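Please model the entire structure based on the sequences and the hints provided.
Okay, here's what each chain looks like letter by letter:
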Amino acid sequence: MVRSRVVRAYILGFSVWGAVLILAIKIGAVSDAGFDLIAQVRLPRVILASVVGMGLSVSGAALQALFANPLCEPYTLGISSGSALGAVLGLSFGLEWAIAGLTGTSFLGAIFFAGILLFLSRRPGSTNVTLLLVGVMLGFLGNSLVALWIALADSNGLQGALVWLFGDLSRARLTGSLYVAILVMVLIFFIWIQSRDLDALLMGEEDACALGVDVPRARRRIILLTSLLIGTCVSAAGMVGFVGLVVPHFARKCMGSLHQILLPFCAICGGILLTFSDSIARVIARPYELPVGVVTAFIGAPVFIGIMLKRNQVHDS
Amino acid sequence: MTPNPILGAYGMSYRRSQCNEGMRELILNDVSFEMNRGECVALIGPNGSGKSTLLKLIAGVLPIHKKQSSGQVRYLGSNFYQFPPYKKAQSIVYVAADLWAEFPLSAYEVVFLGRTCQEIGWYHRHSSENERKVREAMDRCFCWHLRDRNLESLSGGERQLVALARALVQGAKVLLLDEILSKMDLNHQAMIGQLLKELTSQGWSILLVSHDINLASEWADSAILLKEGKKILQGPVEKVITQELMERVYPHSQLRVGSNPATGAPKVFFSGRS
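Read top to bottom, the protein sequences are chains A and B. Remember, the working numbering sits 1250 above the position in the first sequence when you count from 1. Remember, the working numbering sits 258 above the position in the second sequence when you count from 1.
For the record, the hints were derived by calculation from the structure and aren't laboratory data. Here the structure is a predicted model, which means the values were calculated and not measured. One should not assume that every hint holds.
Unchecked claim - Keeping only pairs whose Cα atoms sit at most 20 Å apart, straight-line, the calculated SDA-like set for lysine to any residue is:
{"no.": "1", "chain 1": "A", "residue 1": "LYS1503", "chain 2": "B", "residue 2": "ARG405"}
{"no.": "2", "chain 1": "B", "residue 1": "LYS325", "chain 2": "A", "residue 2": "LYS1560"}
{"no.": "3", "chain 1": "A", "residue 1": "LYS1503", "chain 2": "B", "residue 2": "TRP358"}
{"no.": "4", "chain 1": "A", "residue 1": "LYS1503", "chain 2": "B", "residue 2": "LYS485"}
{"no.": "5", "chain 1": "B", "residue 1": "LYS485", "chain 2": "B", "residue 2": "GLU292"}
{"no.": "6", "chain 1": "A", "residue 1": "LYS1560", "chain 2": "B", "residue 2": "LEU412"}
{"no.": "7", "chain 1": "A", "residue 1": "LYS1560", "chain 2": "B", "residue 2": "SER411"}
{"no.": "8", "chain 1": "B", "residue 1": "LYS345", "chain 2": "A", "residue 2": "PRO1466"}
{"no.": "9", "chain 1": "A", "residue 1": "LYS1503", "chain 2": "B", "residue 2": "GLU410"}
{"no.": "10", "chain 1": "B", "residue 1": "LYS497", "chain 2": "B", "residue 2": "ARG514"}
Unchecked claim - Over 12 Å on every C-beta distance to chain A, these chain B residues come out as not near it, computed from the model:
{"no.": "11", "residue": "GLY269"}
{"no.": "12", "residue": "ASP288"}
{"no.": "13", "residue": "SER290"}
{"no.": "14", "residue": "ARG295"}
{"no.": "15", "residue": "GLY296"}
{"no.": "16", "residue": "GLY318"}
{"no.": "17", "residue": "GLN326"}
{"no.": "18", "residue": "GLN330"}
{"no.": "19", "residue": "ASP356"}
{"no.": "20", "residue": "GLN376"}
{"no.": "21", "residue": "ALA448"}
{"no.": "22", "residue": "ASP479"}
{"no.": "23", "residue": "LYS488"}
{"no.": "24", "residue": "MET504"}
{"no.": "25", "residue": "LEU513"}
{"no.": "26", "residue": "SER529"}
We put the CB at the ideal spot given by N, CA and C, even for glycine.
Given below as C-alpha cells:
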C-alpha cells in the first residue's frame, strides 16, 4: 500500500467525519434549539452514534479476520443475543439500572455469553469452525429466549425492549456517552495492537500457526476484546445492524487487508456511517423517529452489493 | 559424525478422532526418522499414507487433543514442542499445499507476513532490513514480478512460488514442503528444483512431500517411504525406489523402475495399460 494514498484516505476520512458531525449536530429543529438542547441531547447522541459505529465496525473487521470469513459480523457470535436477553429480562423485572450509560443487565448478559464462548475455546482441539458454530447456536438460543419472553410477558412493558432491539440512540446522556466513548476507544486500541496476529490469521489457522502466531491464545484474546466491545456497544445503543458487516468490507476495499492501517480507517468509516444514518433516522419522518438499524441497512445494503459485484468483476477478468 | 541431527522425529503417532468402519484408526503409526543439516529428504507414499499429517504434526500446526497424538520432535537435540510459537516458526517452517487467504492481499504483503515471527512488538516494521529480505526471497523464488498482484488472481503454481518465498523470509533452516512442486510448469519445476539444491548446499534442510516420485527422485538425496501410516524404509533414493518396493506400495498398477539416462536418478514408469 502506497503511503501517500493511505495518508490521503485518512485525511479524506477525517474531513468527511468532521462534516458529518457538524451536520448531525445542526440538523433537526434548529430554530427552537438553544444551546442547552444541543449540549444535553444532541451532542451526547452524536458522540454515542460515532463511537458505537466505530466499535461495531472494528469488532466486525477483527472477527472477519479471526474466522477468515467475510460474512462474520459483531452479531454472529451470539454476544449480542446475550445482551438482548439481559436487557429484556432486566426490563421486565424492573431492573433498569445503568452503569455509566450502559444498560447494566444487558452488559451482564453479553459478558455471560462471552464467558461461555471463552470457556469452550479453552478446550484443547477446538478450532475456529467449532467456535463459530457454537457462537451462532448461542445466538439462536438467545434470540429464541428473547422471543419467548416477549411472547409470554405483558406487551406494554416491553415496547421499549422492542425499540431497543432495532437500535436506539435516543437515550444518550452526556456523561454516559463520554464513558462509553472512553471504553470503546480503549478497547479499539487493544484490538489494534493485535494487528499482526490478525494479519497472520487472514491466511487461515494452520498458516497463522506456521507463521509463529500462538493461535489459541490469540483467538481467546481477540474474542475477549471483541466481546467486551460488542457488549459495550449493544448495551449502550441496542442492536444496530449492518454497520459491523459492511464497513469492514468497504474499508478493506480502500486500504487493503493489513490491520495496522485498516482498523483505524474502519473505525472512522463506521463512525461516519452511523452518525449519518442516525441523523437521517431522526429527521426524515418527523415527528417520528425511524429505528437507526433500518437506515443503516438502507444505505449499507446497496453499497455492499455494489462492492461485491465489483469484486467479482475484477476476479473474473 | 554429527552429534545432533537438525531434525529428529521419534515415535510419531496420530489417531483419528472419529473412526468409521473400514478406516484405519491410526493415521500415523510410530514413525521415526532423523534428518541432517543440508539434506533434502523426500517423503513419498500413496494417498492417505499420512505424509501431510506427518508434516503438520512435526510443525505443530495441527489443532490436536493430547490423546490423539504422541511422539517427540527434536530440533538440534532440544524438544521442539516446548519452543514458544515464534521460536518454532524461526526454526522449522511448514508450507501448506495451497496458499490461501479469504481477503485481498498482495503477493508482497503475503511474503511480508513471513517476517511476523522475526519481529518483536506488535507493529509491522517496514524496516529496510525486512524489505530487503522480502525482495531477496521473492527474487530467489522468481516471483518478484508478481508482487503487486492480488493473491486471488495468481495461478496455483504462482501461489506456490509465493508460499516458498514466504517460507524463506521466516529465517528457519528446516523447510517442510507439502506438494510444493505439484502445480508448477516444467520450467518452474526445474527452477525451483535447482533452488532447493542451492538451499541445501547453503545449509537448509528440506523435507519434501511429493506424489510425483519421479520429481522427488530428481531433487532429493534420500527418501522415506510411507504406507498406511508406517515407515517402510528410509535411505538413498536408489535404495527406496526399487521395483520390489514400488510393487509392494502401489500394488494395483503395473510399474517398472528404470533410471533417468541423463542424471541416473531412479524413475517409475507404467509398464502396461489394462
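Going down the list of hints, with the structure as the test:
1. Between A/LYS1503 and B/ARG405 the alpha-carbon distance is near 18 Å, which keeps this suggested pair within the 20 Å criterion.
2. With a CA separation close to 48 Å, the supplied pair B/LYS325 and A/LYS1560 exceeds the 20 Å bound.
3. Taken as a hint, the A/LYS1503 and B/TRP358 pair is honoured in the structure, with Cα atoms around 18 Å apart against an allowance of 20 Å.
4. With a C-alpha separation of about 47 Å, the suggested pairing of A/LYS1503 with B/LYS485 is violated against the 20 Å cut-off.
5. Pair hint B/LYS485 plus B/GLU292 holds up; C-alpha atoms about 18 Å apart against a cutoff of 20 Å.
6. The suggested pairing of A/LYS1560 with B/LEU412 holds, with an alpha-carbon distance near 18 Å, which does not exceed 20 Å.
7. For the hint linking A/LYS1560 to B/SER411, the alpha-carbon distance of about 15 Å falls within 20 Å, and the restraint holds.
8. For the hint linking B/LYS345 to A/PRO1466, the alpha-carbon distance of about 16 Å falls within 20 Å, and the restraint holds.
9. Among the hinted pairs, A/LYS1503 with B/GLU410 is consistent with the structure: their alpha-carbon atoms are about 14 Å apart, no more than 20 Å.
10. A hinted pair counts as satisfied when its Cα atoms are at most 20 Å apart, and B/LYS497 with B/ARG514 qualifies at roughly 15 Å.
11. For B/GLY269, the condition that its CB be more than 12 Å from all CB atoms of chain A holds, with the nearest at approximately 20 Å.
12. Even its closest Cβ contact with chain A, about 22 Å, leaves B/ASP288 beyond 12 Å, as expected for a residue assigned away from the interface.
13. A cut-off of 12 Å between C-beta atoms confirms that B/SER290 is not in contact with chain A; the least separation is 23 Å.
14. The beta carbon of B/ARG295 is kept farther than 12 Å from every beta carbon of chain A, the shortest such distance being approximately 21 Å.
15. The Cβ of B/GLY296 lies farther than 12 Å from every Cβ of chain A, with a closest approach of about 22 Å, so its non-interface assignment holds.
16. Under the 12 Å C-beta cut-off, the non-interface status given to B/GLY318 relative to chain A is violated; the minimum distance is some 7 Å.
17. Residue placement check: B/GLN326 does not keep its beta carbon more than 12 Å from all beta carbons of chain A (closest about 7 Å).
18. For B/GLN330, the shortest C-beta to C-beta distance to chain A comes to about 18 Å, beyond the 12 Å cut-off, and the non-interface label holds.
19. Its beta-carbon lying about 10 Å from the closest one in chain A, B/ASP356 breaks the requirement of being farther than 12 Å from that chain.
20. Some Cβ of chain A comes within 12 Å of the Cβ of B/GLN376; the nearest lies about 8 Å off, and the non-interface call is violated.
21. Distance check on B/ALA448: its Cβ is at least 26 Å (rounded) from any Cβ of chain A, clearing the 12 Å threshold; non-interface status holds.
22. For B/ASP479, the shortest C-beta to C-beta distance to chain A comes to about 24 Å, beyond the 12 Å cut-off, and the non-interface label holds.
23. With 12 Å as the threshold on Cβ separation, the claim that B/LYS488 sits away from chain A holds: the shortest Cβ distance comes to roughly 25 Å.
24. B/MET504, annotated as away from the interface, keeps every beta carbon of chain A farther than 12 Å; the closest lies near 31 Å.
25. Every CB of chain A is more than 12 Å from the CB of B/LEU513 (nearest about 33 Å), matching its label as outside the interface.
26. Every CB of chain A is more than 12 Å from the CB of B/SER529 (nearest about 39 Å), matching its label as outside the interface.
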